[in-house]
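Peer 1: Chain by chain, the residues:
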Amino acid sequence: MTNPNNVTLTDNHTVEFVSGNALAIPTLRILKEDGTLHKGASLPDLDKETALKMYDTMSFIRVLDERMVAAQRQGRISFYMQCLGEEAAVTGSAGALDFEDMIMGQYREHAAIHYRGFTLDQFMNQMFSNEKDLGKGRQMPIHYGSNELNYMTISSPLGTQIPQATGYAYGQKLKGEGKCTICYFGEGAASEGDFHAGLNMAAVHKAPVIFFCRNNGYAISTPADEQFKGDGIATRGVGYGMKTIRVDGADLLAVYAATKEARRIAVEDHEPVLIEAIAYRLGAHSTSDDPSGYRSKEEEEKFRSNDPVERYRLWLVKQGWLNEEEDAKRIEQLRGDILDAVKKAEVIDKPAIDELITDVYEEPTPHLVKQLEDTKQHIKKYPDAYPVTAGRIS
Amino acid sequence: MATMNMLQAINNALDIAMAENDSTCIFGEDVGFFGGVFRATSNLQEKYGKERVFNTPLTEQGIAGFANGLAAQGSIPIAEIQFADYIFPAFDQIVNETAKFRYRSGNEFNVGNLVFRTPYGGGIAGGLYHSQSPEAYFSHTPGLKIAVPRNPYQAKGLLLASIRSKDPVVFFEPKKLYRASTGEVPEEDYEIPLGKAEVVKEGADITLLAWGAQFEAIEKAAEMAEKDGISCELIDLRSIVPWDVETVAKSVTKTGRLLINHEAPLTSGFGGEIAATIQEECFLYLESPIARVCGLDTPFPLAHEKEYMPDHLKTYEAIIRSVNF
Ligand SMILES: Cc1ncc(C[n+]2csc(CCOP(=O)(O)OP(=O)(O)O)c2C)c(N)n1
Chain A
1 MTNPNNVTLT DNHTVEFVSG NALAIPTLRI LKEDGTLHKG ASLPDLDKET ALKMYDTMSF
61 IRVLDERMVA AQRQGRISFY MQCLGEEAAV TGSAGALDFE DMIMGQYREH AAIHYRGFTL
121 DQFMNQMFSN EKDLGKGRQM PIHYGSNELN YMTISSPLGT QIPQATGYAY GQKLKGEGKC
181 TICYFGEGAA SEGDFHAGLN MAAVHKAPVI FFCRNNGYAI STPADEQFKG DGIATRGVGY
241 GMKTIRVDGA DLLAVYAATK EARRIAVEDH EPVLIEAIAY RLGAHSTSDD PSGYRSKEEE
301 EKFRSNDPVE RYRLWLVKQG WLNEEEDAKR IEQLRGDILD AVKKAEVIDK PAIDELITDV
361 YEEPTPHLVK QLEDTKQHIK KYPDAYPVTA GRIS
Chain B
1001 MATMNMLQAI NNALDIAMAE NDSTCIFGED VGFFGGVFRA TSNLQEKYGK ERVFNTPLTE
1061 QGIAGFANGL AAQGSIPIAE IQFADYIFPA FDQIVNETAK FRYRSGNEFN VGNLVFRTPY
1121 GGGIAGGLYH SQSPEAYFSH TPGLKIAVPR NPYQAKGLLL ASIRSKDPVV FFEPKKLYRA
1181 STGEVPEEDY EIPLGKAEVV KEGADITLLA WGAQFEAIEK AAEMAEKDGI SCELIDLRSI
1241 VPWDVETVAK SVTKTGRLLI NHEAPLTSGF GGEIAATIQE ECFLYLESPI ARVCGLDTPF
1301 PLAHEKEYMP DHLKTYEAII RSVNF
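Residue numbers (our numbering), protein chains in the order written: chain A, 1 to 394; chain B, 1001 to 1325.
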């Protein structure tokens, strides 16, 4: 520290301002679109098994997204959000972590929980809010979470997980577990006050947290240039005094390499890190959104050719690690499996009425017990009006 | 007269407000060219330009603070909070700043021209973060007015009154009714005064009180009760702060019974405030305890939304209990 103001004082005797884009942050790219490496780029240390596991996750998520968007259109689920275009950003980062590291997502990171082992049925049970849903049918589709898989349950209010990740990571450091927390969010959510609070506290208190910004160009209809000025989100990491890197979010190898090193910094040096992954949200924001109202087909087309899954697949084939014929078969098989899982999940009962009052407090309080009892008596009187629970009230 | 749904009526009111004063600005997440996620601000940016109708960064705290400053400067900010569930990041700015601007400065400064519009309420399979009815939190803060329309006609008239009010207003819009509720709406300018309830239907045996989307529940319950020969008086409160004690008390003095219906949880819901006041005003006229049919004291559920809702059947049952007390 140079002085009590905690700034570096370099004398200057003319009026000179540093411009908002003065920090031009470079973008790490390893894989080219044809599946070969950029000149000068080196491969991260990546074994075949991990490489294929990440590919399996990306292709699973792609098929899941495609089928569930269709299922939503058929009215089978109420809502869905896909991660088309961002598969590599999420999978590459999740793949670079240890299983015990905590993942705190925003909502478009289902690839990360799948990578950890969240099963097809678990996905379906959450989306259909049935009694097997770990979240007990309380949240909208895509709000996954699993304690067993170290994946914090998604909360809809944006940005709230950012300072929480700082606190969680600080706890990990205190316990000396050698673990870290990764926190995902969009470039839109980076405008929330919680973002600034979370990064500042992480920097000051040296929390082992990796802030992972998916800069996909849009927050619902709002393009990034109406969201913030300055050079991306990455410059803010530098502003908060933390190590920062920008990566090509469609390049799995770049994301993987960056996150591996970020994890090392977090865990060994006890420092927060910011990663900004540049991607494009190829799909609609959600199934309630229609992007044709705010962006052109040409723009979408331009990014469609920059397919993160295809790029990585080409590399795997070149490595001799992937058999194209088997891969095509597997994808076909997945489509069928997902459809079967939908059919299975949609006929499972909704959670029992008693779950209405559990988990509000550790134990239902007397007033809640009474409200439940009154509700049950009422349902018994009008069973037709409450078809989800009426048949199962004793 | 034109037939409009609630979104069109709101859009129409905003259009009138924008045309009448050049310093009126509309802003919030996605409200610009896209017209907001519910399309309440459609076409306004094309008409009035990007300086007056614009997207903000995704920060409710920023939106509310910015609105406070803009209002203090004398412009007329109409800020949209995309869902009432997401008004809480703005809570400090609204509760400590918007509400107290005039008071703390001895009226050296005020933000009276400010309106926060926000969609609230359930019935859309939104689960706990897209369904809340947070009006009671704001009612506890002196300095804020609160209004809730139940149909397109009210939405336009109440919104225009809110925009022109010299006090800041939090304007809750029942999103379940945005497209579902349609009706005749005058194309010309009109206002529905803040603080006035509407006696929608006269009756003799019990007063039923609700606001916003829940009005439908008491209407349906009243139809059921009428078949049993019970005559219900229906009141739409329309404004939560200030609320029309006189109209409600007058009605309860006549009917001797009151049932309040709201979607927010029972405990510390605004119904408790109404019950306490009416008990004071009408003690000698009451023939049964004031009834409250409300959401349960749990977060808003998803799978059990129907079970949770203070619907017409629960209301009907409460009417019967009240009349047979
Ligand atoms: C506090 C809060 N405000 C508003 C919303 C509504 N909302 C949900 S997603 C979203 C856009 C998020 O954009 P971004 O963070 O860039 O992530 P992306 O959807 O692009 O992945 C908005 C405004 C919300 N969920 N929470």
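Derived by calculation from the structure, the hints in this document are not laboratory data. For glycine and all other residues, C-beta sits at the position ideal for the given N, C-alpha and C. Errors might be hidden in some of the hints.
25 Å max Cα-Cα, derived DSS-like pairs, lysine-lysine [claimed, not checked]:
{"id": "1", "chain 1": "B", "residue 1": "Lys1050", "chain 2": "A", "residue 2": "Lys381"}
{"id": "2", "chain 1": "A", "residue 1": "Lys343", "chain 2": "A", "residue 2": "Lys329"}
{"id": "3", "chain 1": "A", "residue 1": "Lys229", "chain 2": "B", "residue 2": "Lys1050"}
{"id": "4", "chain 1": "A", "residue 1": "Lys370", "chain 2": "A", "residue 2": "Lys380"}
{"id": "5", "chain 1": "A", "residue 1": "Lys376", "chain 2": "B", "residue 2": "Lys1050"}
{"id": "6", "chain 1": "A", "residue 1": "Lys297", "chain 2": "B", "residue 2": "Lys1306"}
{"id": "7", "chain 1": "A", "residue 1": "Lys243", "chain 2": "A", "residue 2": "Lys260"}
{"id": "8", "chain 1": "A", "residue 1": "Lys329", "chain 2": "A", "residue 2": "Lys344"}
{"id": "9", "chain 1": "A", "residue 1": "Lys318", "chain 2": "A", "residue 2": "Lys53"}
{"id": "10", "chain 1": "A", "residue 1": "Lys380", "chain 2": "B", "residue 2": "Lys1050"}
{"id": "11", "chain 1": "B", "residue 1": "Lys1220", "chain 2": "A", "residue 2": "Lys380"}
Computed beta-carbon distance windows for the label pairs [what the hints assert, rightly or not]:
{"id": "12", "chain 1": "A", "residue 1": "Lys344", "chain 2": "B", "residue 2": "Lys1227", "range": "39 to 49 Å"}
{"id": "13", "chain 1": "B", "residue 1": "Glu1046", "chain 2": "A", "residue 2": "Glu148", "range": "48 to 58 Å"}
{"id": "14", "chain 1": "B", "residue 1": "His1140", "chain 2": "A", "residue 2": "Glu49", "range": "51 to 61 Å"}
{"id": "15", "chain 1": "A", "residue 1": "Ala328", "chain 2": "B", "residue 2": "Asp1015", "range": "46 to 56 Å"}
{"id": "16", "chain 1": "B", "residue 1": "Pro1242", "chain 2": "A", "residue 2": "Pro387", "range": "35 to 45 Å"}
Peer 1: A range of 35 to 45 Å was offered for this pair. Does it hold for the Cβ distance of Pro1242 (chain B) and Pro387 (chain A)?
Peer 2: Holds: the Cβ-Cβ distance is about 41 Å, inside 35 to 45 Å.
Peer 1: Please verify whether Lys297 (chain A) and Lys1306 (chain B) have alpha carbons no more than 25 Å apart.
Peer 2: violated, 40 Å
Peer 1: Given the hinted pair Lys370 (chain A) and Lys380 (chain A), is their alpha-carbon gap at most 25 Å?
Peer 2: Holds, at about 15 Å.
Peer 1: Please test the hint of 51 to 61 Å on the beta carbon pair from His1140 (chain B) and Glu49 (chain A).
Peer 2: holds, 58 Å
Peer 1: Hint says 46 to 56 Å; check whether the CB-CB distance for Ala328 (chain A) and Asp1015 (chain B) agrees.
Peer 2: holds, 55 Å
Peer 1: Does the structure keep Lys1050 (chain B) and Lys381 (chain A) at a Cα separation of 25 Å or less?
Peer 2: At roughly 56 Å apart (the allowed maximum being 25 Å), Lys381 (chain A) and Lys1050 (chain B) break the hint.
Peer 1: Going straight from one Cα to the other, do Lys329 (chain A) and Lys344 (chain A) come out at no more than 25 Å?
Peer 2: Holds, because 23 Å separates the two Cα atoms, which is no more than 25 Å.
Peer 1: Decide if the proposed pair is consistent with the structure: Lys380 (chain A) and Lys1050 (chain B), CA atoms, cutoff 25 Å inclusive.
Peer 2: Violated, at roughly 56 Å.
Peer 1: Compare the distance between the alpha carbons of Lys1220 (chain B) and Lys380 (chain A) with 25 Å, and conclude whether the hinted pair is satisfied.
Peer 2: holds, 20 Å
Peer 1: Hinted pair, alpha-carbon criterion (25 Å max): Lys243 (chain A), Lys260 (chain A). Please report holds or violated.
Peer 2: The hint holds at about 14 Å.
Peer 1: Need the status of pair Lys229 (chain A), Lys1050 (chain B): alpha-carbon distance at most 25 Å?
Peer 2: Holds, because 17 Å separates the two Cα atoms, which is no more than 25 Å.
Peer 1: For the pair supplied as a hint, Lys318 (chain A) and Lys53 (chain A), confirm whether the alpha-carbon distance does not exceed 25 Å.
Peer 2: holds, 17 Å
The structure does not agree with the numbered hints 1, 5, 6 and 10 stated previously, though it agrees with the rest.
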